[in-house]
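Student: Starting from the structure of chain S, add chain Z where the hints point.
Read top to bottom, the protein sequences are chains S and Z.
Each residue of the first sequence is one higher than the one before, counting from 1 in the working numbering.
Each residue of the second sequence is one higher than the one before, counting from 1 in the working numbering.
No lab work stands behind these hints: they were computed from the structure.
It is possible that some hints are incorrect.
Copies of the same chain are indistinguishable here, so a pair counts whether it falls within one copy or spans any two.
No farther apart than 25 Å at their CA atoms in a straight line, the calculated lysine-lysine pairs in the PhoX-like style are these [as the list claims (entries may be wrong)]:
{"no.": "1", "residue 1": "Lys414", "residue 2": "Lys155"}
{"no.": "2", "residue 1": "Lys236", "residue 2": "Lys201"}
{"no.": "3", "residue 1": "Lys76", "residue 2": "Lys89"}
{"no.": "4", "residue 1": "Lys407", "residue 2": "Lys155"}
{"no.": "5", "residue 1": "Lys365", "residue 2": "Lys21"}
{"no.": "6", "residue 1": "Lys76", "residue 2": "Lys9"}
{"no.": "7", "residue 1": "Lys287", "residue 2": "Lys384"}
{"no.": "8", "residue 1": "Lys85", "residue 2": "Lys445"}
{"no.": "9", "residue 1": "Lys384", "residue 2": "Lys175"}
{"no.": "10", "residue 1": "Lys365", "residue 2": "Lys407"}
{"no.": "11", "residue 1": "Lys315", "residue 2": "Lys265"}
{"no.": "12", "residue 1": "Lys406", "residue 2": "Lys155"}
{"no.": "13", "residue 1": "Lys287", "residue 2": "Lys377"}
{"no.": "14", "residue 1": "Lys392", "residue 2": "Lys287"}
{"no.": "15", "residue 1": "Lys4", "residue 2": "Lys255"}
{"no.": "16", "residue 1": "Lys255", "residue 2": "Lys313"}
{"no.": "17", "residue 1": "Lys313", "residue 2": "Lys9"}
{"no.": "18", "residue 1": "Lys377", "residue 2": "Lys266"}
{"no.": "19", "residue 1": "Lys175", "residue 2": "Lys265"}
{"no.": "20", "residue 1": "Lys392", "residue 2": "Lys436"}
{"no.": "21", "residue 1": "Lys266", "residue 2": "Lys175"}
{"no.": "22", "residue 1": "Lys214", "residue 2": "Lys182"}
Fair warning: this is a prediction, and the values are worked out from it, not measured in the lab.
Number of protein chains: 2
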Amino acid sequence: MAKKPSIPKGTRDFNPEQVAKRNYIFNTIRGAFETYGFQPIETPSFENSETLMGKYGDEGDRLIFKILNSGDFLSKANEQAYSQKDSNKITTSISEKALRYDLTVPFARYVVQHQNDIEFPFKRYQIQPVWRADRPQKGRFREFYQCDADVVGSKSLWQEVEFIQLYDTVFSALKLEGVTIKINNRKILSGIAEVIGASDKLIDFTVALDKLDKIGEEKVKEEMLSKGILEEGILKLQPLFNLSGTFESQIDGLKSILNTSEAGKKGIEELTFINNAIAELGLSSAKLQLDVTLARGLNYYTGAIFEVSAPEKVKMGSIGGGGRYDDLTSIFGMPNMSGVGISFGLDRIYLVLEELGLFPKTVNKNVEVLFINFGEKEALFSLKAIKQLRLKGVNAELYPDAAKMKKQMNHANKRAIPFVVLVGEQEISSNTYTLKNMGSGEQNKVSLQELIGYIK
Amino acid sequence: MAKKPSIPKGTRDFNPEQVAKRNYIFNTIRGAFETYGFQPIETPSFENSETLMGKYGDEGDRLIFKILNSGDFLSKANEQAYSQKDSNKITTSISEKALRYDLTVPFARYVVQHQNDIEFPFKRYQIQPVWRADRPQKGRFREFYQCDADVVGSKSLWQEVEFIQLYDTVFSALKLEGVTIKINNRKILSGIAEVIGASDKLIDFTVALDKLDKIGEEKVKEEMLSKGILEEGILKLQPLFNLSGTFESQIDGLKSILNTSEAGKKGIEELTFINNAIAELGLSSAKLQLDVTLARGLNYYTGAIFEVSAPEKVKMGSIGGGGRYDDLTSIFGMPNMSGVGISFGLDRIYLVLEELGLFPKTVNKNVEVLFINFGEKEALFSLKAIKQLRLKGVNAELYPDAAKMKKQMNHANKRAIPFVVLVGEQEISSNTYTLKNMGSGEQNKVSLQELIGYIK
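Chain S extracted, bound-state conformation:
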């Protein structure tokens, strides 16, 4: 094969600098997860197909990567499907495993499978890749990481409060200021749908409402009408389109709309509790905002709904999201396990930090010192010093070949290695090292102790 190799579309290679930058974000998130009391779990990259299929809707099922059975898989293929050449129907008979599509369903599976070993409430975090056979586009990949933190086994609203703090902690630590944490509550949406007589059209209603920012009030109303929501109901919605101002004033507006809905009133109560607690506790750099048009993941969220927007100066979709789901583990036969969780979007956070120049200069753990190789004796002498440097945690290396000095110096330059050490006969006989600062060009003869001190 002489053709230049490539990787599947929607996947990526990461070079050392990219890995270092990604790890900077991962480590920041992981550190925050741990101070908030979350503990890590990991689940297999592939699950039994039956664990995943049917959990994400038809579209999800289609986007799940299936793994072909090993061996003579056709011998066990569904015969009818085989004779009809029905790709869809044959799949379960030739593929029993599938790649993880998100971290939430495997987590639910984990909780049910290990319920006897888990002490509830269980706060877990999970940072692992997921795979989706989606059409790749800018910022959307077929392999990407999710960073999730969830609590299961408690309905306490303090968790919603803590997740808002957690978002603030992570983005503040990343020096990403001006992030907006948007919050809504499924009960608010249910309440509104109830009040306008469209409880059976909750999805249509929220899908239309969700577009308010993009298409404007009139188009939203048109869409609602076209979905069969009555004009008199839409009239009752009018205060909703005029909601603005502070969290508190929006809550006041909602109260006037929702005064006849029990669900709606409960939603208001929850949002008020959370907002009051956050006002008391304070946020470092993010701001909390009520957004009644927020409806993500409506299919399984039952309480709070979160979404995080990047600072306005950056054009980027949400960089995080989450919410409360009251019955996630029931799909695996374990009812009444309330959960709430949030997720961080690694790839988008990366793009935002890159665009705003927020990665620390020291993020790349580059080699700090390269020893020039002048030959066998010199190399051995150098390796003795390198050994000591490494023991002190300094990233140090010897140029492997006794190549021309210019070539070796070029190598140090191209790799942006800040220090070079030259060891010739003179240095060996005087037990010293010539240390060159590649930035300033300055050159000094130093002892081993001085060398270590200088570079550290």
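Tutor: Just chain Z, lined up with the frame of chain S:
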């Protein structure tokens, strides 16, 4: 689905303690890789099938997990294979991607694909999972991590020297003493095969020799005979069976066997260079041993061959291995790129550390302090202290519900949380915290500053 969920055989869930222990090993290896000047890359979990197929032999091809194409994959199935129901032949037409089988071939692909952006010699490390459809058994899984460090673009033997030091550094840092780093050289094996007139039977010869430890001298000779190696050749081997003692005395023995083979003499020269350098530089806790029966990965190793054995008191196969391959990237059309690398076997190292009780007690980043929840006002007061603790890097949490105190204390006990804080009306009014040491039972009223100091 009410049936209790499970995971595919050969895969594993990792609970918080296991993740923490695995990360302890990963971080130790990663830290050592970086002080030795290796830089991280990551490659996609799946590659184009053509990148992987044919690189690991027939057995390898069989063990590669293939991913089913999305959509109506049967419409593009090879018609002949379909009509013959030939699973083997149909695969390439319904599956274009496959899960990574090791890290070496994707690395070779990476080097060729990005050759213009890479400054050679290129020292990279890679810590990622691989997948094999192998029959699962104790210590063998279908999903497992590999931790590889390789250098490409130089033939310098200093790299072999440094890899031996690197093994020593990692196992010393893990406090795993008594590890043996075995070394051999492909040229020694070629030389011996040449001397006994069995150059065309190098594989058969080394496969038999490799069994010396297990089946003994006589059986090895029988196997060689049965493979067509002549009796007079085997006679010449006699000194090989009697090799023992120090590295140097074994080298002397080899010299007597290999004095007519150019390849053999070159192998001796290389081994001697490496052994002398290591003798000068010293190892902290591992020992270097020449093992002429070592023949792993013979298909692509061309120079040094490494294998690391756990301390003798532990029954465990190799916990690491590697070697030099002179032409790895030529499979992707880039000849003359010498490489050398080593790998750490995470799962086996884990089992060894577990068996010997070598994991540090502090490996699990558990929650350090739990605040008991006595109600809304108390919880809010607690969260203010918790916020300060977290800012100082302390893992702290609030029990989410105002449950019975006994239940909350049990929760702290079951999770082995060392400190509990009690905040009631009295504490709020005096702005203090009652800190309980769960180990000693001791209880003290402290200020916020004292609390932080005490727990840190």
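Student: Hints first: check each against the structure and report whether it holds.
Tutor: Taking the hints in turn, this is what the structure says about them:
Within a single copy, lysine 414 and lysine 155 get their C-alpha atoms only as close as 56 Å, which misses the 25 Å cut-off; across copies the closest is 21 Å, which meets it. With identical chains, the CA atoms of lysine 236 and lysine 201 are at most 25 Å apart within one copy only, with a shortest distance of 16 Å there and 88 Å across copies. Taking the shortest Cα distances, lysine 76 and lysine 89 sit within 25 Å of each other both inside one copy (13 Å) and across copies (16 Å). Taking the shortest Cα distances, lysine 407 and lysine 155 sit within 25 Å of each other only across copies (16 Å), while inside one copy they are farther apart (65 Å).
With identical chains, the CA atoms of lysine 365 and lysine 21 are at most 25 Å apart both within one copy (10 Å) and between copies (24 Å). In this homomeric assembly, lysine 76 and lysine 9 come within 25 Å of each other (Cα to Cα) only across copies, at 19 Å, whereas the closest approach inside a single copy is 31 Å. For the homomeric pair lysine 287 and lysine 384, the shortest alpha-carbon distance between copies (18 Å) is at most 25 Å, but the shortest distance inside one copy (54 Å) is not. With identical chains, the CA atoms of lysine 85 and lysine 445 are never at most 25 Å apart, being 77 Å at best within one copy and 75 Å at best between copies.
In this homomeric assembly, lysine 384 and lysine 175 come within 25 Å of each other (Cα to Cα) only across copies, at 22 Å, whereas the closest approach inside a single copy is 41 Å. Taking identical chains as interchangeable, the C-alpha atoms of lysine 365 and lysine 407 lie at most 25 Å apart only when both belong to the same chain, with a minimum of 23 Å there against 46 Å between chains. Neither within a single protomer nor between protomers do lysine 315 and lysine 265 lie at most 25 Å apart by alpha-carbon distance, with minima of 35 Å and 65 Å respectively. Taking the shortest alpha-carbon separations for lysine 406 and lysine 155, only the inter-copy value of 19 Å comes in at or below 25 Å, while the best intra-copy value is 67 Å.
In this homomeric assembly, lysine 287 and lysine 377 come within 25 Å of each other (Cα to Cα) only across copies, at 23 Å, whereas the closest approach inside a single copy is 62 Å. Proximity of lysine 392 to lysine 287 under the C-alpha cut-off of 25 Å is restricted to the inter-copy arrangement: shortest distance 22 Å between copies versus 43 Å within a copy. Taking CA atoms no more than 25 Å apart as the test, lysine 4 paired with lysine 255 passes in neither setting, with 64 Å inside one copy and 44 Å between copies. With identical chains, the CA atoms of lysine 255 and lysine 313 are never at most 25 Å apart, being 33 Å at best within one copy and 72 Å at best between copies.
In this assembly of identical chains, the alpha carbons of lysine 313 and lysine 9 never lie at most 25 Å apart, being 30 Å within a copy and 49 Å across copies at closest. Taking identical chains as interchangeable, the C-alpha atoms of lysine 377 and lysine 266 lie at most 25 Å apart only when they sit on different chains, with a minimum of 20 Å there against 79 Å within one chain. In this homomeric assembly, lysine 175 and lysine 265 never come within 25 Å of each other (Cα to Cα): the closest approach is 37 Å inside a single copy and 60 Å across copies. In the homo-oligomer, the alpha carbons of lysine 392 and lysine 436 lie at most 25 Å apart inside one protomer (20 Å), although the nearest pairing across protomers, at 39 Å, exceeds that limit.
For the identical chains of this complex, lysine 266 and lysine 175 are neighbours neither inside a copy (36 Å) nor across copies (57 Å), given an alpha-carbon limit of 25 Å. Proximity of lysine 214 to lysine 182 under the C-alpha cut-off of 25 Å is restricted to the intra-copy arrangement: shortest distance 17 Å within a copy versus 66 Å between copies.
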